[in-house]
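Novice: Chain residues, written in single-letter form:
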Amino acid sequence: MTADRAGGGEDARATPERGSCAHPEPTGPARQLVRAQGLAVAYPGNAPALTDVTFELTKGERIAVLGPNGGGKTTLFRALLGELRPAAGTIELRDRCASVPQTERSRLDFPVSALDVALMGTIPTRAWWRRPSRVDRAAARAALGRVGLTEQVHDTYGELSGGQRQRVLIARALVQDARVLLLDEPFTGLDATSAAGLEVLLRELAAEGRGILIATHDLEQARRWDRVLCLNRRQIAFGVPAQTLDHEVLAATYGGAIVTLPGEPATGVHHAILPPHHHHHEH
Amino acid sequence: MLDALLDPFGQALMQRALLEVLLLAAVGGTLGCWIVLGGLSYGAESLAHGMFPGLVLAALAGVPLLLGGAAGILVAALAIALAARVGRDRIGRDDAIAVAVTTLFGLGALLALSPAVPVGIQGLLFGDVLGTSRGDLLAGAALAALVAIVLVLAHQRLLAVGFDRGGARALGIAPVAVDALLLTLLALAVLVAVQGLGNLLVVAVLVAPAAAARLLTRRLAPMMACAVVLGVLAGVGGLYVSYYARLAAGASIAGLLVAVWLLAQAASQIRKRMLVASG
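Protein chains in written order, with my numbering: chain W, -18 to 264; chain S, 3 to 281.
Hints may be right or wrong, so weigh each one.
To be verified - One-sided and incomplete, this derived list gives chain S residues near chain W with beta-carbon spacing under 10 Å:
no.: 1; residue: Ala100
no.: 2; residue: Gly168
no.: 3; residue: Gly169
no.: 4; residue: Arg220
As the list claims (entries may be wrong) - Which residues of chain W face chain S? A few of them, derived with a C-beta cut under 7 Å, are:
no.: 5; residue: Leu62
no.: 6; residue: Arg88
no.: 7; residue: Phe91
no.: 8; residue: Pro92
no.: 9; residue: Gly129
no.: 10; residue: Thr137
The hints are simulated quantities; they were obtained by calculation from the structure and are not laboratory data. All figures in this text were calculated on a predicted structure; none of them were measured in a lab. Cβ coordinates follow ideal geometry from the N, Cα and C atoms, glycine included.
Required output: the full structure, derived from the provided sequences and hints.
Specialist: Structure (C-alpha cells):
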C-alpha cells in the first residue's frame, strides 16, 4: 500500500533503529517515552476496567492498540492523560501526552476555523485569564502547516474533509508540544487517499522522535506498525506484529467474534472481518 | 422625519428605557451565542419561568425585585437540577423539568392573584421596560459588566468545551466547571433581563438574536457582534412601535426579536438557494 518503513513484509524488526523493539528490556531509557508496569485502571467507584497492562513506548515508535469496544483502549488513553488514576501498577511518562480524539466527537456545526481549533492546544500552557498571544497563534499556524493544512488555516472546521479534520486535531496535539500522541481510531470514515496520507504523516511524526499510540480496528494496518498492544479488559499481548498477532491472540482479544478469511497465506497476512464498531459516548 | 425619530426619547422615562434595551441587547447577544450553541435555550426558559414565585414574593414583601429574582432563580435552579436527577429514569429529564417549572410558575401565579401584590401580575410577567429606574439601570449595568468580563476571560475554555467535551478534558479543562459557569452567567442574565422584559419574554432576548446571528455568520466573534446589533435594532424598534402604536413595550420588543429571527431565516435560505444556483 503506502510507502511504509515496515511495509511489504511481516518483518517489522528489519529497520536498524528499531532493532531493540523486539526485546523490551534492553531499550535505553533515553529513548523511552512511556512505560506501564502491571497497570490497572478503574473508573471511580467501579471495578478496574483494564488490568495487567505492561508495555513501553519509545521514540519513533508507532504502537497499534487493538481490542473490542469496551476493551479498554479509551480507558488506557485516559489513564495516560492523567484523567484516571492507576488502581494498581505504575505509569512512567517521560514527556507530555496529547490526545487526538475521533473527529465525530467534535461539533461540526460549531463556528470555528481550523486555526481556532489548533489554538485550543495552547490552553494548557497559559494562565486561565490570558488570551492566546502572538506566539500561541504562530505555534498553531506552524502546527497546521506541519500537517499540510497551510491553505486551510481559516477554513471552517466543519466544512473540511474527514481527513483534514483529523489533521486539524493532530495539529492541536502538536501545539501542546507533546512527544506522545494518543490517536483514537484516526482512520475511521476516511477514504483510501486520506488514509494513506494520514499514515504517511504519522510515520513522519514518529520519525521526528515522537511516540504514537493508535487505537484501531484495522488489523492489516496494525501489522505495518512497530508493535501491537492487544487489550480485552486486560492485556492479551504486546510485541512485534508478526510474532504477536496469531490466531489465539486475536481470538482472545476479540472474544471469538473474529472471522479469518482464507487467502494470501503466503504473505502471512490474515484478513479479518471485525464486528461493526459502535461509538459509545462518555459523560 | 428626524423629529419622529428623536421625539420619543425626549422624556427621561424613554431615555432610561433606551439604556435598558441597549444593556439587554449587549448581554443577550453575547451570552445568547453560548446559550444557542450549547443547546441551553430550554434551560434559559425553565430558569426564567421557575423564578416567578421569587419575583411575586419580592413584590408582596416590598423588597427589590432583583433580590426576589435572585432567590427565585436559586430555588428554580435547585428544583430543576433535582427534577432532572430524580425524574430522569422515570418520566424523562425534559418532562421532569417541565413538571418542576410549571409547579413553580403555578405557585407564583397563585401568590400573584392575592390582592396585596402592588405592581400587579402584568409587570412581573411581561416586564416594564418603561418603568426602569436609575437603580434598576445601575444594578443591571453592574451585572451586565460582570457577565461580559467573565465571558471574555472564559472564552477559550467555553469554546473548547462546547467544541468537544472529551477533547477539552484531555486539555486539562473540567467541562463540568465550565457548564456551571455558563449556567451561573445565564442566571445573572435572566436576572438582568427580567426587569425589562418580564418573566415570559426574557427568553426572547437571550435566544432570538443569537439564533438569528448564527444563520448569518460563520465565526463566533462576528456572530456575537451580529447578535448584539440585531438585539439593539429589535429593542430600539420595539420602543418606537410601543411609542407610536401605543403597544406594550416588552411585547413589541419580543415581537420584533422574533421577526428578526424570521428575516434571518429567510435571508439564509435565499443565500443557500443562490449558492446552489450559482455553483
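Novice: Would you mind marking each hint as holding or not holding in the structure?
Specialist: Results of checking the hints against the structure:
1. Ala100: Cβ of Ala100/S sits 22 Å from chain W, so the hint is violated.
2. Gly168: holds (5 Å)
3. Gly169: holds (5 Å)
4. Arg220: Constraint on Arg220/S satisfied, holds at 6 Å.
5. Leu62: Status holds, d = 5 Å.
6. Arg88: holds (6 Å)
7. Phe91: With a minimum Cβ separation of about 5 Å from chain S (threshold 7 Å), the hint on Phe91/W holds.
8. Pro92: Cβ of Pro92/W sits 5 Å from chain S, so the hint holds.
9. Gly129: Since the shortest Cβ distance to chain S is 21 Å, the answer is violated.
10. Thr137: With a closest approach of 6 Å, the Thr137/W hint holds.
Going down the numbered hints, you'll see the structure goes against 1 and 9, while the others check out.
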